[in-house]
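Respectively, the protein sequence lines represent chains A and B.
Under numbering that gives the first Met the number 0, the first sequence has 75 at position 76, and the numbering climbs by one with no breaks.
Under numbering that gives the first Met the number 0, the second sequence has 146 at position 147, and the numbering climbs by one with no breaks.
Accuracy of the hints is not assured; some may be wrong.
To be verified - Listed below are the simulated DSSO-like cross-link pairs for lysine-lysine, each with C-alpha atoms no more than 30 Å apart in a straight line:
#, chain 1, residue 1, chain 2, residue 2
1, B, Lys281, A, Lys37
2, B, Lys281, B, Lys160
3, A, Lys37, B, Lys407
Simulated from the structure, these hints should not be mistaken for lab results.
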Amino acid sequence: MKIRLLLYTSCAVLFLSGICAPAVIHSQTTLLQRDVRKQMERNQQDDFGPNSKFFQSGVLGFSWTMPINTNDSLEVTNDINSNQLVFGNRYKLKLNEYFALGMDIVYMRQGFSIRQGNTNLLSPEHIHKKQRLAFHNLAVGGHVRINFQKRGDYLGSYVDLGAELHWVMAERHFTLDKVDPSQHQGAEKIRIQSSHLDFTRDIQHYAVARFGVNTIIASARYRFSDIFNASENINNGMKLPELPRFSIGVEIVF
Amino acid sequence: MHILFCLALLLFSTVSLIGQSNYWVFLKDKDGVTFDPLTYFDAKAIERRIREGLPLHDITDYPVREDYVQQVAQYCDSIRSTSRWFNAIAVKATPAQIAQINTMPFVVRTQPMQHTLQLAEAKRPPQHSERKLSAMEYATLYGQTERMGFSLLRERGYTGKGVRIAVFDAGFPLVDKHPSFEHIVRNNRIVDTYNFVNNSKNVFRSNNHGTHVLSCIAGMLDSIPMGCATDAEFLLAKTENAYVEIRTEEDHWIQSLEWADKMGADIINSSLGYTVQFYFRKDMDGQTSIITRAANTAFSKGILVVNSAGNEGAGRWEIIGAPADSDSVLTIGGINPSHGYHTRFSSYGPSASYKKKPNLVAFSQTVTALGHNQGTSFSSPLVAGFAACIRQMHPEWTVRQLFDELEKSGELYPYFDYAHGHGVPQASYFIYGKSLSDTAMFKMHWNAQDKTVELHHLGDSTTWKSFAIDKENWHENRCYHLPLEYCYWQLIDEAHRIVYYELVEPGEKLIARITNKDCDNCTLRIYYKQYFYERPWMELLNELSAQPTPSDTISPLSH
């Protein structure tokens with residue numbers, strides 16, 4: 000009991016001294032302080048910066064799958080639900096004023112909202128209210144950057160042309176159906192999620208193009224690889240038609 | 000599909016890459032060119048040259064050789080302009096054309112042209128008839144000139160009369176119609192205008208940034224001056240195209256400088272700067288940027304160039320831009336009227352070559368003819384107007400004298416830091432002279448435990464002046480803080496460079512706590528209540544630590 004009381008008292012004293020001490024001792028208020036040495040050192044830093052030899056920035060992007068349905072493609076809805084969210088890091092090695100090499104290490108969440116209709120081969124037995132395929136990818140990308148003008152410590156205007164290799168860490172198939180509650184234990188909706196799908200590939204590769212003005216970037220991705228494998232468990236053992244390959248979006252670097 | 004995509008990529012890249020750029024083509028000589036200064040220059044430009052002791056026949060004023068211009072024109076898409084001072088031609092050309100131009104025997108070199116980024120935002124103008132100032136706005140309006148002691152100048156008739164000020168900006172809409180400028184327009188004191196963007200005389204359209212700026216030089220609102228130079232003459236130049244993003248080509252700015260020189264400008268106000276988009280921080284050394292060099296040339300011809308420090312203080316860039324990095328430019332930072340010290344967005348000095356920047360400061364939040372606005376773009380014209388009054392008072396001073404005396408009039412002088420320069424210029428300096436206090440209002444003691452020097456009040460502690468304002472009697476109130484109540488201290492290294500500085504609001508007992516910041520060989524400087532103190536740190540430390548009773552009162556040390 001005594002030990003507990005001592006502990007509480009010590010805590011209270013520490014807490015109060017933390018609050019009151021600055022008011023008593025540090026009664027001055029520092030409004031502005033500058034270490035000019037650090038500022039001048041920064042002036043001379045040549046190695047790291049938007050237009051220096053090395054640069055690293057965060058990247059956050061969002062893109063939409065273009066519902067361009069060719070003969071061999073599984074139709075996706077043309078709303079915002081077929082999209083990709085990207086975030087990660089971007090690294091740059093400047094070669095000269097106009098050219099640089101870059102590398103991205105990013106996570107991408109990729110979603111395809113499947114149009115429900117007669118051609119839905121993913122689950123032909125049933126027309127769902129909603130059906131969706133989602134992929135969680137870890138990607139490594141490389142690109143060549145072409146800058147258009149001499150500039151200061153600034154990213155400027157540029158085009159990136161490159162490729163990305165994606166490892167699909169996880170994939171999910173979702174369906175959502177409205178049902179009669181009287182036949183489903185009072186449930187109005189049934190959501191089914193399937194994972195570890197044996198009809199999707201683990202590796203994807205993309206071509207990437209970006210046009211950036213400083214930190215705002217318009218991006219385009221084209222998937223060269225197929226998403227689906229042939230599986231005896233779906234579509235009578237025949238490989239599914241491919242999902243749309245092209246997406247456009249925006250990115251910001253920070 | 001794959002091929003289509005690749006083609007689209009290729010097209011995308013190619014279209015982006017191909018295109019013309021603007022370049023400077025620097026020429027070798029001006030051999031054979033004739034020049035008559037008496038017909039070329041305005042009478043005031045000649046007066047200025049005589050005052051400065053400059054020759055009327057200066058090769059930098061001679062025009063560019065016409066035959067060179069014609070030859071260059073054959074190899075580029077178009078000629079944009081020429082520069083007498085730089086003996087250069089501004090051209091629009093492709094890289095291939097520039098490669099050809101570089102082979103011409105009379106071409107010294109070529110250089111890609113930069114763009115200018117203007118530093119302040121302008122807001123949409125309200126209708127003047129609807130304008131009702133709040134008490135706070137009245138306080139700001141009064142303070143923006145009175146903080147410099149303008150009434151002392153005005154009472155004595157120093158309102159910039161006879162001084163010619165050139166203002167470079169993005170446009171001056173409503174200046175020809177607005178009642179705030181009626182006293183200028185009625186008396187034909189807009190001597191000339193030029194729109195360097197459109198090659199016309201009309202500057203009274205487009206972006207209203209220049210109208211805000213001109214207000215801070217010479218505008219009147221309800222008979223209250225918004226700037227100090229209400230009786231000055233003006234040259235208005237539109238140098239910026241500000242519709243989408245506020246950018247212009249630097250040749251407009253240089254053309255404007257040469258035009259202002261020709262037209263007899265005594266003072267130029269320019270509220271723009273180059274920063275991160277075109278330069279690295281190390282380039283802000285007072286000689287790299289071409290507009291910095293142009294500003295240096297203008298100074299050498301007797302023109303006082305007043306430029307805003309920039310609004311990068313809170314951003315990644317942080318420091319002044321070009322041409323504010325020039326040591327010939329009077330660089331003006333901003334203070335916040337409500338607390339009287341550095342406003343957070345005002346760019347910091349020094350230049351990359353450790354030159355003192357900014358030189359002075361003024362209000363960065365101002366009331367203008369079209370509303371109110373903030374940015375160092377509006378600090379600069381306040382000082383430009385003030386400088387015009389001093390020029391009127393001392394027409395015999397060279398531009399260097401004027402520059403130096405303006406610095407000395409700063410309320411903190413001889414104290415200086417890279418946020419406040421020498422402080423706000425004070426008219427009282429020119430009327431009564433500088434009055435530094437002989438008595439320190441603090442005592443010092445060494446705190447051995449914290450290893451700090453503490454400054455304690457001597458006598459009454461600080462009393463703040465009220466910020467409240469009575470709108471009916473606004474002119475009776477002190478509506479802003481003077482810097483006297485703050486304590487400024489800094490450490491100077493052996494090369495006389497400031498390595499660290501602080502601004503402190505004193506508490507009831509303690510004014511400031513000072514540490515040596517790993518600089519034992521530094522000299523400590525303190526400015527507090529008009530008392531300037533300077534002492535080598537080690538010397539001070541030895542003396543203070545030798546005191547037998549450190550907590551007792553210690554007499555202030557002499558400076």
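If you test the structure against every hint from before, which numbers come out violated? Structure breaks hint 2 only.
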